[in-house]
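Student: Take a look at the letters that make up each chain.
There are 2 protein chains.
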Amino acid sequence: METIYLDNSATSFPKPPEVYDAIASMMKHGVNADRGGYTLARETGKVVDKTRESLARLVGVNEPSNVVFTPSATIALNTVLFGLSFSYGDNIYLSPFEHNSVLRPLYRLRDFWNVNLRMMPVERSELVYNLDELNKEFKRNRPKLVVVNHGSNVCGLVAPLTEIAALARDYGAWVLVDAAQTLGTIPIDMLKQNVDFLVFAGHKDLLGPIGVGGLVINNSTNIEPFIFGGTGVESKLENMPPEYPHRLEAGSLNVSAIAGLLAGIDFVKHNIDIRERKQRLFASLLDLLGRYPEVKAFASPNHQTRLPIVSCTVAGYTPQEFATVLDRHFNIAVRAGLHCAPKAHEFLGTAPLGAVRFSIGAFNTERDIATVGEALEQLFR
Amino acid sequence: METIYLDNSATSFPKPPEVYDAIASMMKHGVNADRGGYTLARETGKVVDKTRESLARLVGVNEPSNVVFTPSATIALNTVLFGLSFSYGDNIYLSPFEHNSVLRPLYRLRDFWNVNLRMMPVERSELVYNLDELNKEFKRNRPKLVVVNHGSNVCGLVAPLTEIAALARDYGAWVLVDAAQTLGTIPIDMLKQNVDFLVFAGHKDLLGPIGVGGLVINNSTNIEPFIFGGTGVESKLENMPPEYPHRLEAGSLNVSAIAGLLAGIDFVKHNIDIRERKQRLFASLLDLLGRYPEVKAFASPNHQTRLPIVSCTVAGYTPQEFATVLDRHFNIAVRAGLHCAPKAHEFLGTAPLGAVRFSIGAFNTERDIATVGEALEQLFR
Numbered sequence: 001m002e003t004i005y006l007d008n009s010a011t012s013f014p015k016p017p018e019v020y021d022a023i024a025s026m027m028k029h030g031v032n033a034d035r036g037g038y039t040l041a042r043e044t045g046k047v048v049d050k051t052r053e054s055l056a057r058l059v060g061v062n063e064p065s066n067v068v069f070t071p072s073a074t075i076a077l078n079t080v081l082f083g084l085s086f087s088y089g090d091n092i093y094l095s096p097f098e099h100n101s102v103l104r105p106l107y108r109l110r111d112f113w114n115v116n117l118r119m120m121p122v123e124r125s126e127l128v129y130n131l132d133e134l135n136k137e138f139k140r141n142r143p144k145l146v147v148v149n150h151g152s153n154v155c156g157l158v159a160p161l162t163e164i165a166a167l168a169r170d171y172g173a174w175v176l177v178d179a180a181q182t183l184g185t186i187p188i189d190m191l192k193q194n195v196d197f198l199v200f201a202g203h204k205d206l207l208g209p210i211g212v213g214g215l216v217i218n219n220s221t222n223i224e225p226f227i228f229g230g231t232g233v234e235s236k237l238e239n240m241p242p243e244y245p246h247r248l249e250a251g252s253l254n255v256s257a258i259a260g261l262l263a264g265i266d267f268v269k270h271n272i273d274i275r276e277r278k279q280r281l282f283a284s285l286l287d288l289l290g291r292y293p294e295v296k297a298f299a300s301p302n303h304q305t306r307l308p309i310v311s312c313t314v315a316g317y318t319p320q321e322f323a324t325v326l327d328r329h330f331n332i333a334v335r336a337g338l339h340c341a342p343k344a345h346e347f348l349g350t351a352p353l354g355a356v357r358f359s360i361g362a363f364n365t366e367r368d369i370a371t372v373g374e375a376l377e378q379l380f381r
Numbered sequence: 001m002e003t004i005y006l007d008n009s010a011t012s013f014p015k016p017p018e019v020y021d022a023i024a025s026m027m028k029h030g031v032n033a034d035r036g037g038y039t040l041a042r043e044t045g046k047v048v049d050k051t052r053e054s055l056a057r058l059v060g061v062n063e064p065s066n067v068v069f070t071p072s073a074t075i076a077l078n079t080v081l082f083g084l085s086f087s088y089g090d091n092i093y094l095s096p097f098e099h100n101s102v103l104r105p106l107y108r109l110r111d112f113w114n115v116n117l118r119m120m121p122v123e124r125s126e127l128v129y130n131l132d133e134l135n136k137e138f139k140r141n142r143p144k145l146v147v148v149n150h151g152s153n154v155c156g157l158v159a160p161l162t163e164i165a166a167l168a169r170d171y172g173a174w175v176l177v178d179a180a181q182t183l184g185t186i187p188i189d190m191l192k193q194n195v196d197f198l199v200f201a202g203h204k205d206l207l208g209p210i211g212v213g214g215l216v217i218n219n220s221t222n223i224e225p226f227i228f229g230g231t232g233v234e235s236k237l238e239n240m241p242p243e244y245p246h247r248l249e250a251g252s253l254n255v256s257a258i259a260g261l262l263a264g265i266d267f268v269k270h271n272i273d274i275r276e277r278k279q280r281l282f283a284s285l286l287d288l289l290g291r292y293p294e295v296k297a298f299a300s301p302n303h304q305t306r307l308p309i310v311s312c313t314v315a316g317y318t319p320q321e322f323a324t325v326l327d328r329h330f331n332i333a334v335r336a337g338l339h340c341a342p343k344a345h346e347f348l349g350t351a352p353l354g355a356v357r358f359s360i361g362a363f364n365t366e367r368d369i370a371t372v373g374e375a376l377e378q379l380f381r
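Going down the list, the sequences are from chains Y and Z.
In this text, residue positions in the first sequence follow the numbering used here: the first is 1, and each later residue adds one.
In this text, residue positions in the second sequence follow the numbering used here: the first is 1, and each later residue adds one.
Hints may contain errors.
Copies of the same chain are indistinguishable here, so a pair counts whether it falls within one copy or spans any two.
[Said to hold, decoys possible] Only pairs whose alpha carbons sit at most 16 angstroms apart, straight line, appear in this in silico EDC-like list of lysine to aspartate or glutamate:
no.	residue 1	residue 2
1	K136	E163
2	K269	E53
3	K28	E2
4	K192	E163
5	K236	E346
6	K269	E63
7	K192	E63
8	K296	E276
9	K139	D90
It should be emphasised that the hints constitute simulated quantities derived from the structure, not laboratory data.
Just chain Y, same shape as in the assembly (with noise of 0.2 angstroms):
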């Protein structure tokens, strides 16, 4: 029995064939990237090159030089953050739905530099950001900093990101998007959305392998190295080169991982009705999971924008037990607990043991739904 997978959150699952192949021929042919070198290193980093390209297009910044590689959005996250300058009682904002990628460095910089963590007004009820609040917020509190989580991991939540960057602008502060689980489904134009710094994972809407994550940079505030190595050109320097994306690249890239991702991102922009496929199941979903009183569940409720995500509490079972359920009997994957998010979980009332999170991807069909129903039938009947 194939295996219903309903975790695309943590990492899109299957690939497309095409990402598979792009993987496998790099690693037959490919060896470190390099320019200067010989042929087999030159055809390496023409591969990285163009998927360099390829993501500046996607989110509309025209230096191909300001993507930078890294193993993965935690990392791409960590960089900026550890690599922008704080001052004592500087204020950055965030929002309940931060991943702990986002949460732990920033609890770090608060022990650091003294900074002020402020959660953005999100109203509970409608699950909508309020934007009027958030203005006042800005002006008694200057932001430095505003930390956009794209989309929300737990409840699919997608921040009306050009309003909050508009009024981060008019104050100054940089603007920092999370994108990791947007990139692919939600579009977004860095220049005229005003986003300073867009972090993305390869493995998820892009349909990319673990292993390439990386950081957008549209702002003239130099980001300092936060890992320091070999970065095959410049050797002589002590510190990392001055320029992108060298300074923020240090040690071998993973050629393999961003050919793959380039074959993701390809498939992703041949692919437009891919989106629109995952919201009609998730609505289907959605239906089914209101069928049953014992299942609770927390999705955003604009269909226009949300992620096809949503975590539910179910009366009876923790999480883990229902989850587990799910596995075993249904052969159904799904991810329960706090999904790396603590605070969403507190802010939706569904910690400490979280929720079971289902979350639709590319490759899911009416079919994989239709089990879904028949379990909670099965179940609840």
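Assemble the complex: chain Y is given as a structure, and chain Z must be docked to it using the hints.
Tutor: Structure of chain Z alone, referenced to chain Y:
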């Protein structure tokens, strides 16, 4: 015409077929690793556990949880160097052979903590560490940390680890071994050899893919986390979880790379003649290079323990020019320049242009070396 690949110090290439298969299989069946989750995630987690166990056995430590996976050796080195605490005036010893993944973090520590960076004495003419002199140095300037470049990526010199670590132990210093170039070729036993911290690269002599490296810990000093993010466990904590490996593993593990690494380690363990074959080919290569007065070769004279790596300067060519000639006319892939080890080239007298490096891997053949011979004959006869 097949490329003659002699850049195995950058990354070993090709990998054993088993490695490609393990990666492809994990890509198609594996998802995010997880202990308590659904079947697919648990199966993935088991491969991660097995790889930890395999590595622990390989380096002689008892606790697999002391094997920390990082996306690269560079990040593992940054993790340990920035995770230890130093005081003003502490002495950190290093060798002239350090890679920029050691040097650049050390320069940072020097600037931040005011530690003293002290070169271990190496006799230039014989390429041998002067242990008597080192002992005197340690007496004069007590070491806090000794970084041992286990094998040079420029000249193949293997450090006398046992002796250096024994001396360091007498002074209560930490011993950090950069085994990026050696693990898989030179045996190591962290317990017996008194090694506190060992860093490995998955994609070099262990024959795994780019995308995984790590740190092995054999010391009770707590390494402060360097990268902060999701851990899948103890998500409520503001800090990283206190226990290894979670403490130092933020974000999704690269499970495909880890599966490939496991297959690579298995291959190395089952093909115990690799080292001898490489040494034999290396002796032939050195013999060929020695025939031409135009070529000046820098390699360790220690037949027993050296790595099959040689850097050359060639009369009438810059290193880059010579590498380009080998690439264009003979399809021989070698690496020119400073090899991210600028101090090594200063030491050898080959700075600032560096040299042309030949490095032999598990799959090179006598035919490959003969082709180098033919190239030299054509160029210099």
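Student: The structure should be examined with respect to each hint, and the outcome stated for every one.
Tutor: Structure-based check of each hint:
1. K136 - E163: within (14 angstroms within a copy, 66 angstroms between copies)
2. K269 - E53: Within one copy, since 14 angstroms is at most 16 angstroms while 41 angstroms is not.
3. K28 - E2: So K28 and E2 pass the 16 angstroms test across copies only (13 angstroms; inside, 30 angstroms).
4. K192 - E163: Cα proximity of K192 and E163: one copy only (12 angstroms, versus 61 angstroms across).
5. K236 - E346: between (50 angstroms within a copy, 10 angstroms between copies)
6. K269 - E63: Intra 20 angstroms, inter 46 angstroms, cutoff 16 angstroms: neither.
7. K192 - E63: within (15 angstroms within a copy, 52 angstroms between copies)
8. K296 - E276: neither (25 angstroms within a copy, 64 angstroms between copies)
9. K139 - D90: within (14 angstroms within a copy, 47 angstroms between copies)
In summary, the structure is inconsistent with hints 6, 8 from the numbered list given earlier, while agreeing with the others.
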